[in-house]
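2 protein chains.
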Amino acid sequence: MSAQAIFNRLALIGAGLIGSSIARAARAQGAVRSIVVTARSAATRRRVAELGIADQVVETNAAAVEGADLVILCVPVGACGEVAAEISSHLAPGSIVSDVGSVKGAVIRDVLSQLPAGVHFVPAHPVAGTEHSGPDAGFAELFVNRWCILTPAADTDPGAVERLTGFWRLLGANVERMSAEHHDLVLGITSHLPHLIAYTIVGTADELKQVTRSEVLQFSAGGFRDFTRIAASDPIMWRDVFLANKDAVLEMLGRFNEDLATLTRAIRRGDGETLFQQFSRTRAIRRGIVEIGQDSPAPDFGRPHPELPHEVPQELPRPYSSA
Amino acid sequence: MSAQAIFNRLALIGAGLIGSSIARAARAQGAVRSIVVTARSAATRRRVAELGIADQVVETNAAAVEGADLVILCVPVGACGEVAAEISSHLAPGSIVSDVGSVKGAVIRDVLSQLPAGVHFVPAHPVAGTEHSGPDAGFAELFVNRWCILTPAADTDPGAVERLTGFWRLLGANVERMSAEHHDLVLGITSHLPHLIAYTIVGTADELKQVTRSEVLQFSAGGFRDFTRIAASDPIMWRDVFLANKDAVLEMLGRFNEDLATLTRAIRRGDGETLFQQFSRTRAIRRGIVEIGQDSPAPDFGRPHPELPHEVPQELPRPYSSA
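Just so you know, the protein sequences line up as chains A and B, in that order.
According to the working numbering, the first sequence is numbered sequentially starting from 178.
According to the working numbering, the second sequence is numbered sequentially starting from 178.
Bound-form chain A, shown alone:
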């Protein structure tokens, strides 16, 4: 299709937000010559066919990988081992198998042992997403200016790593390499702990007796609504992340709890100086994220603000002039 095609046949196993975004982006960029997609549920497969984002939709994982030179597992991390076992004997010699999992240590452990010799496993994690799930949620620009982290083992074929790097760059991503162990620590703090905290606080708000759910929704612009976006993320995906990255998450949770205890004590004691110091230094982090282009500089994430009302509201008290 395009002179820049890096792979001949891309097999995507799973067509949720990430899988369907890869399909759209790979086609838009001519990164591959053809795309075959499969998904566990018949409804998802049907929807992918309707959306027309793949050249072929097949029923089984084994059928999907036949003749593919790049296979990407786009399933929850807890399902990767099982999928690897299913496709193992159908993989083409010299093909590259990759994934998109948010945890790398556990996925490598589960997948690597299943794959035959002569197949290159290059684990990957595109750090991108939205709170929406499923094939309709994907879009071709999802990975632009986001980071994709590769965690190949030391003995992985350098050519395979280079080809996958080129593929992700063509989809707009910046590519970084690190060890799986370090990845799981970094994402533990930048992604897994924030999700756990957001899920917790949204649950806490929903269980209060003193404050009704409708009050929580109504006054959520005070800050709470910022947490609800990531607490709306896919529950299966996130269950698997916490089960698979237990050690790093518990480590980060321990640190968080210590810091929260310090601030709690400051509030209890009326220690304004400690609060002020803490609240001042966190501003710099926000500034840094905006400066490197990882978030919008617009206030409020750039949320739209409706216009002022043109009509005088009903029930308006009498104007000053007649007072």
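No wet-lab data here; the hints were simulated from the structure.
Bear in mind that the values here come from a model prediction, so they are computed numbers and not experimental data.
Backbone N, C-alpha and C fix where the C-beta goes; we use that ideal spot for every residue, glycine too.
Treat each hint with caution, since some may be false.
[To be verified] Pairs of lysine to any residue, SDA-like flavour, derived with a Cα cap of 20 Å:
1. A/Lys386 to B/Asp424
2. B/Lys423 to B/Ile413
3. A/Lys386 to B/Thr439
4. A/Lys423 to B/Glu450
5. B/Lys423 to B/Glu358
6. B/Lys423 to A/Asp436
7. B/Lys423 to A/Phe453
8. B/Lys423 to A/Gln454
9. A/Lys423 to B/Gln454
10. B/Lys423 to A/Lys423
11. A/Lys423 to B/Phe453
12. A/Lys423 to A/Glu435
13. B/Lys423 to A/Arg446
14. B/Lys423 to A/Asp448
15. B/Lys423 to A/Ala443
16. B/Lys423 to A/Arg442
17. A/Lys423 to A/Ser356
18. A/Lys386 to B/Leu427
19. B/Lys423 to A/Val388
20. A/Lys386 to B/Arg458
21. B/Lys386 to A/Arg458
22. A/Lys423 to B/Gly282
23. B/Lys386 to A/Gly431
24. B/Lys423 to A/Gln387
25. A/Lys423 to B/Leu385
26. B/Lys423 to B/Gly282
27. B/Lys423 to A/Gly447
[Said to hold, decoys possible] Covered by chain A, per the in silico footprint, the following chain B stretches (three or more residues, Cβ under 8 Å):
28. 431-439
29. 459-466
Take the given structure of chain A and dock chain B to it, following the hints.
Using the frame of chain A, we list chain B on its own:
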């Protein structure tokens, strides 16, 4: 200026994000005939004059309130009592004094005792804001479709409450009334606890030895960046909020800690069912907030996504066709 002016002379004490937004909105809507602004720092007063958002800028709080029929304290909640003492003997009989504080019980306690008889104190809290501060950060649309909560005492003049209600409606806000005590609980969970948690986690990330600050910034799109926005809020304002609403915040923190302990235990034990249940029910809250128009339905808060790259990235591996 306009037939719908509800007040003759509005005095704003403080011209940060909220004060300067009120000035802009009140003028845009013709809600008052003239606006006088003061601020503690000479730099802020000069900037307000340069911006041209007030009819008059004066040096002292006492001078600002002379002849005003609406006075709004737009200062951190810890400063309200002191300001009330300064303006007390200069307030016009029959005038309305209000505020914009995020805590109501403590402000009422600090302010009410300072005010003379014949002046109506109607505490208010517009639940709106951004992570930016100062007179340049304000904009006229800030309050549109947001809630403004009034917490007048039972014996407050109903006419005064009605006029202030009309003022906020004209600025685009929905107006709700509740007791100060209930307000402080509701905002404890929808605003104060989320801010405390966000300040904590951003601080935790910044202190880690295993993960560098540049890694935290780089991979913040995994969820962390959502927390950094509210952790960039004004440190003095938030120090005062936690000192003033100590009891409700500690109560909400206790609930949050219990819920976090439950999820931590589930992770430690590998209890995927508990995690899945919790992560599933929080989705409904997000849906509710979007449905009532308190957040954008667009994925990722509507953050912009750049286009796919048109140029082939550098260091691209050789294309498939020549492989």
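Problem set entry | Straight-line alpha-carbon gap B/Lys386 to A/Gly431, limit 20 Å | 14 Å, holds
Problem set entry | Pair hint outcome, A/Lys423 versus B/Leu385 [Cα-Cα no greater than 20 Å] | 18 Å, holds
Exercise. Does the structure keep B/Lys423 and A/Lys423 at a Cα separation of 20 Å or less?
Worked result: 34 Å, violated
Problem set entry | Distance restraint between B/Lys423 and A/Gly447, which requires alpha-carbon spacing of 20 Å or less | Distance of about 8 Å is within 20 Å: holds.
Exercise. Is the Cα-Cα distance between B/Lys423 and A/Arg442 20 Å or less?
Worked result: 11 Å, holds
For this session: For the pair supplied as a hint, B/Lys423 and B/Ile413, confirm whether the alpha-carbon distance does not exceed 20 Å.
Result: 15 Å, holds
Exercise. Would the pair B/Lys423 and A/Asp436 pass a check requiring their Cα atoms to be no farther apart than 20 Å?
Worked result: At roughly 18 Å apart (the allowed maximum being 20 Å), A/Asp436 and B/Lys423 satisfy the hint.
Exercise. Is the hinted pair B/Lys423 and A/Arg446 satisfied, with a Cα-Cα distance of at most 20 Å?
Worked result: 9 Å, holds
Exercise. Holds or violated: B/Lys423 with B/Glu358, Cα cutoff 20 Å?
Worked result: 12 Å, holds
Exercise. CA of A/Lys423 to CA of B/Phe453, is that 20 Å or under?
Worked result: With Cα atoms ~15 Å apart, A/Lys423 and B/Phe453 stay inside 20 Å; holds.
Exercise. Is the Cα-Cα distance between B/Lys423 and A/Asp448 20 Å or less?
Worked result: Holds, because 11 Å separates the two Cα atoms, which is no more than 20 Å.
For this session: Take a quick look at whether A/Lys386 and B/Arg458 sit within 20 Å of each other, Cα to Cα.
Result: It holds: about 17 Å lies between the C-alpha atoms, which stays within 20 Å.
The structure shown violates the earlier hints numbered 10, 22.
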